[in-house]
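For the sequence shown, the numbering used here assigns the number 1 to the initial residue and increments by one for each residue that follows.
Think of the hints as simulated: they come from the structure by calculation, not from any bench. Where hints are given, some of them may not hold.
[Stated by the list, open to error] Calculated lysine-lysine pairs in the DSS-like style (CA-CA distance at most 25 Å, straight line):
1. 142 x 508
2. 153 x 192
3. 218 x 192
4. 153 x 137
5. 289 x 426
6. 161 x 229
7. 507 x 245
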Amino acid sequence: MIPASDIAQRIEIWQIDSGSKLQLATTLSNWRPSVTMRLNASLASLILSSVALIGNVRAEEEVKGDAPSPSSAIEKPTFTPTTLKAPFLEQFTDDWETRWTPSHAKKEDSSSDEDWAYIGTWAVEEPHVLNGMVGDKGLVVKNPAAHHAISAKFPKKIDNKGKTLVVQYEVKLQNSLVCGGAYMKLLQDNKKLHAEEFSNASPYVIMFGPDKCGVTNKVHFIFRHKNPKTGEYEEKHMNAAPAAKINKLSTLYTLIVKPDQSFQIRIDGKAVKNGTLLEDFSPAVNPPKEIDDPEDKKPEDWVDEARIADPDATKPEDWDEDAPYEIVDADAVQPEDWLIDEPTSIPDPEAEKPEDWDDEEDGDWTPPTIPNPKCSEVSGCGKWQQPMKKNPDYKGKWVAPMIDNPAYKGPWAPRKIPNPDYFEDKTPANFEPMGAIGFEIWTMQSDILFNNIYIGHSIEDAEKLKAETWDLKHPVEVAEEEASRPKDEEKEAGTSFKEDPVQYIRKKIDLFISLALENPVEAVKTVPEVAGGLGALLVTLILIIVSGISLGSSSSPAPKKQAEKGKEKEKASASEAVSTGADNVKGGAKKRSTKTSE
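Throw the hints in and build the complete structure from the sequences for me.
Here you go:
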């Protein structure tokens with residue numbers, strides 16, 4: 001995450017000088033002092049409170065990060081490498097680097113040999129959060145907000161034809177997961193498979209695992225299927241994907257694909273999704289046998305209207321289309337307590353003229369009006385008029401009634417023809433041979449840990465590995481999590497606005513800022529409410545500035561008039577100076593006599 005100080009530096013309008021005035025001081029200096037003070041105070045308050053809010057969030061996160069680790073008194077099992085055998089089984093023992101190779105693939109527009117697309121680093125280490133087993137190490141993503149890629153070749157290619165495929169691995173989100181992927185890819189076996197060049201362009205057979213960003217939270221299961229007619233590959237995405245578990249415990253994800261084309265996804269050993277490759281993926285594995293004939297056109301005389309107005313119907317003679325919907329209620333009489341001479345509103349007797357009101361600049365002050373309190377105690381005030389009522393003779397515009405259309409032929413659709421691209425693959429579970437496993441992800445959170453990877457054909461062996469590892473560590477992690485909570489711990493802040501609006505807004509802002517630094521468009525799509533709020537804030541600031549300038553410009557004519565009056569006085573003085581002495585004496589006498597008489 002980005003420190004609040006860095007965020008403030010990136011927003012130029014938030015920069016405040018030593019005098020606590022914004023860079024708009026030059027413009028504001030021409031405004032009325034009261035307007036300037038109010039705008040300066042409002043903007044400064046808004047800015048300082050926003051920076052303080054972000055600072056508080058960072059401070060809280062730092063405090064949480066320094067929290068003591070769970071009690072070490074909980075007895076933990078010790079890691080022992082498994083004796084199980086599989087086409088690929090990885091527990092990240094000390095010789096892991098002989099199998100795994102970080103990607104050195106370059107960016108597509110790279111002009112340098114060291115301009116790598118994947119700058120994220122990897123490490124193998126024990127968990128630093130809720131470690132449930134002594135000596136149990138895993139592959140860890142080390143950098144936040146970075147692209148990571150690493151892969152390992154299988155000892156022999158895995159051919160799943162006619163077999164059950166089992167893919168299982170642990171994911172531990174030590175810093176939770178706000179936006180990022182934690183899925184694996186089983187890569188297609190081919191001569192071009194080079195671990196050092198592994199990237200998102202490397203062809204894969206299966207993609208499986210959790211992925212979360214914003215409101216999107218799912219466990220992916222995607223497989224690439226080859227069209228037997230064209231030879232082209234197409235991604236098939238599982239429908240209605242289950243949600244991933246987002247916590248700091250070790251979570252076990254299992255995918256089982258059987259030769260009968262059925263599949264199952266398990267999370268922590270419990271089935272969360274069952275389906276079939278032939279029915280639960282989009283686009284479907286097999287195209288339709290028939291398609292609409294693109295050459296077929298709807299006949300010009302085709303009638304689409306199922307019902308029409310009755311052509312034989314006529315308007316009744318007594319049907320008056322001009323009769324109004326409402327008429328005056330002639331039977332209504334004025335209530336006895338109606339106060340004809342009382343106005344409906346009166347000047348507010350408690351309103352006072354503002355101290356800074358200038359009649360010369362602002363015009364004559366008039367108090368605001370309020371509803372006449374006398375009117376609330378009676379039926380009404382002012383001139384009384386008879387109310388309106390619904391006209392009993394009103395019928396409105398006449399329209400002919402609808403009848404079934406005798407010429408209706410039904411909805412038109414083009415005729416069907418055999419699909420020239422049709423094929424039928426009854427065994428899509430016979431995936432193409434797989435030659436490697438890879439993690440190619442982008443994530444905003446670091447310290448995602450992968451462990452105990454099983455790829456093979458035995459459900460029984462995968463369950464045995466689970467019993468040796470996850471079944472032992474998971475209860476310990478749960479106990480540590482419980483032990484790390486204070487006894488008087490308050491209810492954890494909810495993720496909904498109703499439960500904790502402040503925390504909800506903070507999380508949204510953090511996510512938006514993090515995403516915007518990587519991809520502004522994706523940030524707007526993922527957290528549109530924050531983008532809209534920032535837009536509204538910008539508009540508000542612009543309106544404040546524009547309104548202030550308008551106030552300043554409207555008050556500027558007054559000094560101009562005063563200057564003109566000053567010039568007139570100077571002219572008058574000059575004309576008096578060239579007048580005769582007798583005239584001056586007479587004028588002075590008149591003035592003195594006037595003052596005396598007053």
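Which numbered hints fail: 3
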